[in-house]
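Colleague: Each chain, letter by letter, is given below.
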Amino acid sequence: MKIAAKTANEAMAEAMRQINPDVVAAYPITPSTEIVQIFSQFVADGEVDTEFVPVESEHSAASACTGAAAAGARVMTATASQGLALMNEVLFVTPALRLPLVICAINRTLSAPINIHCDHSDTMDQRDTGWMQFYAEDSQEAYDMVIQAMKIAEEAFLPAIVSADAFILSHSLQRIDMLEDEDVQDFIGEHKTPYSLLDTKNPITVGPLDLQDYFFEHKRSEAQAMKDAPPIVKKVFDEFGERFGREYSLVEEYRLDDAEKAIVLMGSTAGTAKELVDDLRDEGEKVGLLKVRVFRPWPLEDVKNALKDIKYVGVMDRAEGMSGFGSPLFTEIRSTLYEEGKKPDIYGYVYGLGGRDVKPEDINEVFEDLKKAESGKKTERVKYIGVRE
Amino acid sequence: MAEEKKEGWKELPIGAIIDEPGSSKKFKTGDWREGKKPEVDEEKCIDCLFCWIFCPDSSVIVEDGKMKGFKLEYCKGCGICAKQCPVDAIVMVSEEEE
Chain A
0 MKIAAKTANE
10 AMAEAMRQIN
20 PDVVAAYPIT
30 PSTEIVQIFS
40 QFVADGEVDT
50 EFVPVESEHS
60 AASACTGAAA
70 AGARVMTATA
80 SQGLALMNEV
90 LFVTPALRLP
100 LVICAINRTL
110 SAPINIHCDH
120 SDTMDQRDTG
130 WMQFYAEDSQ
140 EAYDMVIQAM
150 KIAEEAFLPA
160 IVSADAFILS
170 HSLQRIDMLE
180 DEDVQDFIGE
190 HKTPYSLLDT
200 KNPITVGPLD
210 LQDYFFEHKR
220 SEAQAMKDAP
230 PIVKKVFDEF
240 GERFGREYSL
250 VEEYRLDDAE
260 KAIVLMGSTA
270 GTAKELVDDL
280 RDEGEKVGLL
290 KVRVFRPWPL
300 EDVKNALKDI
310 KYVGVMDRAE
320 GMSGFGSPLF
330 TEIRSTLYEE
340 GKKPDIYGYV
350 YGLGGRDVKP
360 EDINEVFEDL
370 KKAESGKKTE
380 RVKYIGVRE
Chain B
0 MAEEKKEGWK
10 ELPIGAIIDE
20 PGSSKKFKTG
30 DWREGKKPEV
40 DEEKCIDCLF
50 CWIFCPDSSV
60 IVEDGKMKGF
70 KLEYCKGCGI
80 CAKQCPVDAI
90 VMVSEEEE
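Chains A and B are the protein sequences, given in the same order. In this text, residue positions in the first sequence follow numbering that gives the first Met the number 0: the first is 0, and each later residue adds one. In this text, residue positions in the second sequence follow numbering that gives the first Met the number 0: the first is 0, and each later residue adds one.
In isolation and in its complexed conformation, chain A is listed as follows:
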């Protein structure tokens, strides 16, 4: 274990180096470029055995990566925002082919207007693709989860996106504990793949046409893989914790035990929110935080157990969702708790779009609203935090 000062970009690049994938096909985009830029230096210096393929777009990157994975390679890449969006049509293919690919993503908002700063619209946009999604709170989580995701992906045979907030995490230096190279290799083990195009003893066709009579069955099979994923994620998290001493779970419960009011969120804002929760607790308020670390597969049981006894819940989404009523995380939380006997009173908040700064007092607005709800004063079901009216 060695202590290092790393931005999330640097930390993810280091994790990639230690994983030493067979192939990386990548295209640059702010603010994730550094990940593959640093990684390409490792390639040039002979520190990895990776075949590095600089492609002409993210669509090509995703295609080349999926093809390499189908040929039995261990494959990774990195992107953000518009780049992830450009990959979109290929992203549906990878999990349907059950290929274990890992993308290091930096959460940058989607245009328009063009903005290079943080929100979750880019990964939220990919939530129906069938990829697993992991959201990091800090550089340490970004580093750890890239390594964990490689192992999880190869056990579930589903690809994974590990994401960290743009600039807030990607470009700010933090203290992390790095594992030894041999420990990472030993933890992830030999590369596992469900099949390989290069296995000439077992010739196969990958990605054939499917008509009305079989498509549904194939999709049902893919859906089962996602349903079967939570225990696999948990098992790998537990193994990591036992070996390296850092505990991970699908959701993180922060001071929720006797909480009456709680907020739910993902990503770097959790750090700020935890500080606020501590301050409010010092004032005697029974508040807590639920941080969702794994958004796909949706941690149904973990969320239910964490929130079912909470009275008032404010779900904070760093993405709009543009449905006209409620953003993605809010909608999933409500749906999860719908059948619970005494379900919490749940409110939705959109915050931090396009890198809009989120301070403790902004998050406190949510707790103030929940207090209003508690005293019977009506408050809007869905609201915006920090936008000028």
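Be careful, since some hints might not be right.
Here are the simulated DSS-like cross-link-like pairs (lysine-lysine), alpha carbons at most 25 Å apart as the crow flies [claimed, not checked]: (1) K35/B - K218/A; (2) K200/A - K24/B; (3) K382/A - K341/A; (4) K70/B - K218/A; (5) K5/B - K43/B; (6) K218/A - K4/B; (7) K200/A - K25/B; (8) K233/A - K303/A; (9) K218/A - K25/B; (10) K226/A - K9/B; (11) K191/A - K9/B.
FRET-style restraints, in silico, Cβ to Cβ [said to hold, decoys possible]: (12) S56/A - I17/B: 22 to 32 Å; (13) K218/A - S93/B: 49 to 59 Å; (14) M0/A - K24/B: 36 to 46 Å; (15) E189/A - E6/B: 50 to 60 Å; (16) V52/A - D87/B: 52 to 62 Å; (17) E6/B - K226/A: 16 to 26 Å; (18) P53/A - S93/B: 57 to 67 Å; (19) I79/B - P207/A: 25 to 35 Å; (20) G375/A - L11/B: 54 to 64 Å; (21) E33/B - P207/A: 22 to 32 Å.
Honestly, the hints are just simulated from the structure, not real lab data. Heads up, the beta-carbon is just placed ideally off N, CA and C, and yes, glycines get one too.
Here the structure of chain A is known, so what remains is to put chain B in place on it, guided by the hints.
Modeller: Frame of chain A, contents of chain B only:
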């Protein structure tokens, strides 16, 4: 045509791969044929084999250089054989039962 029992989702190979080489032989594209099938009048046929050359699939049976009929498992009823026959020996007839 007999209805084969198709597999449930649990019986299918992972990732929708096809793990049996050459399996396209089993796929009878003839079941896409709608309405009309070719029939040859052997009296008129001159064994020029234009029908065999022009068939986009492999639905024309040829033995010892002579046109012997049609393999309907792969015939999609496109009618190119009838159109190309220089002596109009092939006609497209309706497949509907009277």
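Colleague: For each hint, tell me whether it holds in the structure or not.
Modeller: Against the structure, the hints come out as follows:
Between K35/B and K218/A, the direct Cα distance comes to roughly 35 Å. Violation of the 25 Å bound is thereby established for this hinted pair. Taking the CA atoms of K200/A and K24/B, the gap is near 20 Å; set against the 25 Å cutoff, the hint holds. Distance restraint check for K382/A and K341/A: the Cα-Cα separation of roughly 24 Å lies within the 25 Å cut-off, and the hinted pair is therefore satisfied. Restraint check for K70/B and K218/A: not satisfied, since their Cα atoms lie roughly 34 Å apart, outside the 25 Å limit.
Proposed proximity of K5/B and K43/B is contradicted: the alpha carbons are some 43 Å apart, above 25 Å. Between the alpha carbons of K218/A and K4/B the distance comes to roughly 19 Å, so the proposed pair stays at or under 25 Å and holds. Distance check on the hinted pair: K200/A and K25/B sit about 21 Å apart at the alpha-carbon level, within 25 Å; holds. Under the criterion of a C-alpha separation no larger than 25 Å, the hint pairing K233/A with K303/A is consistent with the structure, at around 16 Å.
For the suggested pair K218/A and K25/B, the alpha carbons sit about 23 Å apart, so the restraint of at most 25 Å is met. Using a Cα cut-off of 25 Å, the hinted pair K226/A and K9/B holds, with the two alpha carbons roughly 14 Å apart. Distance hint between K191/A and K9/B is fulfilled; the C-alpha atoms sit about 21 Å from each other, no more than 25 Å. Judged by the Cβ atoms, the range 22 to 32 Å given for S56/A and I17/B holds: they are separated by roughly 30 Å.
Distance hint check: the CB atoms of K218/A and S93/B are about 38 Å apart, inconsistent with the given range 49 to 59 Å. Range check, M0/A to K24/B: about 58 Å between beta-carbon atoms, so the 36 to 46 Å window is missed. At roughly 31 Å, the beta-carbon separation of E189/A and E6/B lies outside the given 50 to 60 Å, and the hint is violated. For V52/A paired with D87/B, a C-beta distance near 58 Å keeps the hint of 52 to 62 Å intact.
In this structure the hint that E6/B and K226/A lie 16 to 26 Å apart at CB holds, the actual value being about 20 Å. Remark: the range hint 57 to 67 Å for P53/A to S93/B is upheld by a beta-carbon distance near 59 Å. At roughly 26 Å, the beta carbons of I79/B and P207/A sit within the given window of 25 to 35 Å. A C-beta distance of roughly 55 Å is found between G375/A and L11/B, which places it inside the suggested range of 54 to 64 Å.
A beta carbon spacing of about 24 Å between E33/B and P207/A agrees with the range 22 to 32 Å that was offered as a hint.
In this structure, the earlier hints numbered 1, 4, 5, 13, 14 and 15 are contradicted, and the remaining ones agree with it.
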